[in-house]
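Here are the chains, one letter per residue:
Protein chains: 2
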Amino acid sequence: MDELFTDAYFMKKALDEAQMAYENEEIPIGAIVVFENKIIGKGHNQTEKLTDVTAHAEMLAITAASSYMNSKFLDECTLYVTIEPCLMCCGAIGWSRLKRVVFGAAEPKFGYSKHGNLLPAKTELTTGILEKECRELMKQFFAEKRD
Amino acid sequence: MDELFTDAYFMKKALDEAQMAYENEEIPIGAIVVFENKIIGKGHNQTEKLTDVTAHAEMLAITAASSYMNSKFLDECTLYVTIEPCLMCCGAIGWSRLKRVVFGAAEPKFGYSKHGNLLPAKTELTTGILEKECRELMKQFFAEKRD
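Going line by line, the protein sequences match chains A and B.
Under our numbering, think of the first position of the first sequence as 190, with each following residue one higher.
Under our numbering, think of the first position of the second sequence as 190, with each following residue one higher.
In short, the hints are calculated from the structure, not lab data.
It is possible that part of the hints are untrue.
Identical chains share a label here; the pair holds if one copy fits it or two copies do between them.
Only pairs whose alpha carbons sit at most 25 Å apart, straight line, appear in this in silico PhoX-like list of lysine-lysine [unchecked claim]: (1) Lys-298 with Lys-261; (2) Lys-303 with Lys-288; (3) Lys-298 with Lys-227; (4) Lys-231 with Lys-261; (5) Lys-288 with Lys-238; (6) Lys-261 with Lys-334.
In isolation and in its complexed conformation, chain A is listed as follows:
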């Protein structure tokens, strides 16, 4: 059984979200927001279903977490996301003042870090958690799309 409340434990939950996106034929990215070891927001990419480019996993998870906390600010929360956030999601992370961001695999083409370190200086960043699993799900999705 997985050890409780580690970064890998929570990233596994984000991967469960990514899997839901995959099953709905969406680009398989998932995210959760955690406060005091409790998941208070979840999201998986729904840009196709909602016909809305803003419906990224992170955006939906941040909106849900803010609703739970009844606060725009998530400065005691951690965002776990399977793939490096894009520019839009990086901006939302900044506005929400998330204490910490953990992502699985880097995204060299669309990840925010292509444009420099755009996260607020205060935001703690951890990368590479379940990197292989996070990346493999994306690879599998795009390989099937090409076939």
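Here the structure of chain A is known, so what remains is to put chain B in place on it, guided by the hints.
Chain B only, in chain A's frame:
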């Protein structure tokens, strides 16, 4: 009477949205999306009301326009927004492939251009339309907040 369908004409409509935000004690920024001279999406900042940092005027207008067009992509549309978009909204503009962006007043602190030209190369950009009116509404809001 205002000349129809000019940039100033449409920016005035975005300013009407900004005014609604102002009256709701939200940071007064408004946006509209236009397709073939028709307004197909509107939004004003609602981050306080919705307790959600993602509820910027541009995001709401893009979501509304995508719903109207039944397309994630707005590559035949123009976004009018009273103030220079932030990083998050700049990212959303990129994903939505907006043909053209028109903003009123620059935002040196939170505008995307602080971080370089992050809009897609194909996006046409026009700035300074009703600049004074767009900026004055913001100034008035923050002056009242300070008092």
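To see whether the hints hold, each was checked on the structure:
Taking the shortest Cα distances, Lys-298 and Lys-261 sit within 25 Å of each other only across copies (20 Å), while inside one copy they are farther apart (29 Å). Taking the shortest Cα distances, Lys-303 and Lys-288 sit within 25 Å of each other both inside one copy (22 Å) and across copies (23 Å). Taking identical chains as interchangeable, the C-alpha atoms of Lys-298 and Lys-227 are never at most 25 Å apart, the minima being 32 Å within one chain and 34 Å between chains. In this assembly of identical chains, Lys-231 and Lys-261 lie within 25 Å of each other by CA distance both inside one copy and across copies; the values are 16 Å within and 22 Å between.
Taking identical chains as interchangeable, the C-alpha atoms of Lys-288 and Lys-238 lie at most 25 Å apart only when they sit on different chains, with a minimum of 23 Å there against 30 Å within one chain. When the C-alpha separation of Lys-261 and Lys-334 is checked against a cutoff of 25 Å, the pair qualifies only between copies, where the shortest distance is 19 Å, while the shortest distance within a copy is 37 Å.
Hint compliance for this structure: hint 3 is the single one not met.
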